[in-house]
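As a plain string of letters, each chain reads:
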Amino acid sequence: MYKLTDVGKTYQTGRGTVQALRAVNLSIADGEWIAIQGPTGHGKTTLLQMLGALDRPTTGSVEFDGQDLAELSEADVTMIRARSFGFIFQTFNLIPTLSAQENVEAALVPLRVHAAERRDRAAAALADLGLGDRLRHLPSELSGGQQQRVAIARALVKEPAVLLADEPTGNLDEDTRDEIIGLLERLWQERGLTLVLVTHDSPVARRAQRIGVIRDGKLKVSQNAVPARAADADDAALG
Amino acid sequence: MFLTYLRRELRRRARQAILIALGLALGVGLVITVTAASAGVRNAQSEVLHSLYGVGTDITVTQAAAPGEGGFGGFGFGFGGGGGSGTRPKAGTKINSNRLSTGAYGPIAVTSVTAIGRLKNVAGSAGALMLNDSKISFTVPSFSGGFGSGSPSGRGSFKPPVFFSVAGVDLSTGALGPLSSGKITSGRTFTATDASSDVAVVDADYARQNKLSVGSTIAIGDTKGAGTSFSVIGIVSSPSGTGSNVYVPLGRAQALAGMAGKVNTIYVAASSATEISGVQKEISGLLPKATVTTASSLASEVTGSIASASSLANTLGRWLAIAVLAAAFVLAVLLTMSAVARRVREFGTLKALGWRSRRVVGQVMGEALAIGLAGGIVGVGLGYLGATLVGKFTSPLTASVGQLTGSATPGGARLFGGGRSGSGRFPAGGFPGRFTHAASPTVTVHLIAPVTMGIIGGAVLLAIVGGLIAGGFGSWSAARLRPADALTRVA
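As you go down the protein sequences, you meet chains A and B in turn. Numbering that gives the first Met the number 0 puts the last residue of the first sequence at 238; the count rises by one with no breaks. Numbering that gives the first Met the number 0 puts the last residue of the second sequence at 490; the count rises by one with no breaks.
Keep in mind that the hints are not guaranteed to be accurate.
Unchecked claim - Chain A side only, calculated, beta carbon under 8 Å to chain B, not exhaustive: (1) 30; (2) 51; (3) 75; (4) 78; (5) 92; (6) 94; (7) 201; (8) 202.
Because the hints were derived from the structure by calculation, they are not lab data. In this text, all values refer to a predicted model and were calculated from it rather than measured experimentally. In this text, a Cβ means the ideal position worked out from N, Cα and C, and glycines have one as well.
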């Protein structure tokens, strides 16, 4: 699915040049769950943006399904984002003026889905995540966990191949965090998604199949020795 | 989704949207008010000029009288009817004089009318003879002392002289000429068969003052002081009462004034408004001594409150409207850009969801357009209110045009400076031989500031343009947003 070759990204700031990514090489297979960890400001989000075609690398290539995203036109990249990638953000990033259902519908707008079908699919996606009775609620009328579930519904309603989550539990309390991670895990399993999850949270990262650690823009990926559910079991045994 | 998002967003920042819309509404309202007021003043000026000029006339041609020619010419009745030269009339002799003179205008050959009619870009030309009639009637008193130095005494009677203006109308030219601005309110106008008849059409005001009606007769003088009785066939109402008092067929006027084959005013219609200036030059070339006047040159001579109103509407009003509109545009642009800056997160998210830049731009433009449209609609209401108030609270405008001996202005009424009726009586005690004093007819016009569909359409368009400019700036900054930057800024 993904093949990153010598990906580098530099930014010009007022203080000089920042090397956000340095010669990152990474392959991600279909249906794989990889967690990315690392200190703040070391390139986690930049890597996720490269994978989500939100930004282009300064050097190297990011291939998605055999296409170099850096070589595609903006229109093509936008269409790939619309069809293939679902994003989940730490701050939920819901449109404050739109209801839960309308927020989910917004993901189907670029796919030119008919309005009635949009409404039905959005309602079904929310119902699937336990928010069937919150369709008309504005984000401000929902709890943090509910807002993140709306964001997940928005990411999944278009049935993407890849789910890119940037600190999805960063703004949630521990119970809600577990609820959301459990939900993502279920969806990953049920839908065969490729899941790339950026997190500070080691217990969350340990549920992934592989864990990548990024420091000063350099990525090291290792196989997660202990399967996610096994880790849970170990934690429970220790507890 | 587009409309839902647009509506919700405008509701979210309702206060800001209302502020922008009100700013645009104020600017648009002022533009409508000022434009309507300007149009009202222009209409009033046009009404004044048409009344002086004749509807359909673009240019008038006159020629100043040569020294000793024309003018009022004095009453000139002789005292030679009694005991020979140098003898004074016998006391108790009744003297009646009804004399026709050419006023301040010199004669122009009728062939010039034809020559002008043949010029390129001239749609029509008509000659007219603008005359002044003066009637005096008194009984010679007995004099003590020598004639010329003594003072009248004994039983004599004197009636103040009566003046009125007479226009000789060319019956073959139809809509062009001194009668063209009038409307027949009673009886009929001239027909071709009236060319050699002693028939007259009388101005409505003059007819009312002198108790004339269709079927009445009116005596019109000649160069010898004798009167000829004309039958009144119609009453005509001029828009502002500045036409002549009496209209007669041109041929009869020429005969009475001893000006066969002559006119003293030529009315010219150009083939189009853009040709007026060129035609004016051609006529000046054809008749170098003539004064060639156009409506625009005459307009510059209009004085009185109408000129002040025109100046106010065209300078202060226009600049005020432009300033307010510009301020509203700037306010709209700044507030829209500020709103976009606060929505970086939203737009970055939408782009991450796969929204194209042009859809985001369309959303911002749509919101700005809706605000502009709302501002335009409210502005139309404000402008309509403003125009109504201008019409309601503006005092009637007065207009005076030029001086008697200044540039040529047809319309015999002004020669006697009598205001609406145009007729007047000189105060007892002196009879100038030639009217050279400033005698400007003052026309009163009520200002109506018309709010036309064109003005409304233009104003709404202006508001929409304001919205689009604001939206353009806002969406330009939204379009430039790279999703990664937008999301990073959020982070």
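Now the hints, each set against the structure:
1. 30: Check failed: Cβ of residue 30/A comes no nearer than 22 Å to chain B, outside 8 Å.
2. 51: With Cβ-Cβ at 7 Å, under 8 Å, it holds.
3. 75: violated (11 Å)
4. 78: holds (7 Å)
5. 92: Holds. Min distance 4 Å.
6. 94: Status holds, d = 6 Å.
7. 201: Cβ of residue 201/A sits 21 Å from chain B, so the hint is violated.
8. 202: For residue 202/A, the interface hint is violated, since the closest Cβ of chain B sits about 23 Å away, which is over 8 Å.
The earlier numbered hints that this structure contradicts are 1, 3, 7, 8.
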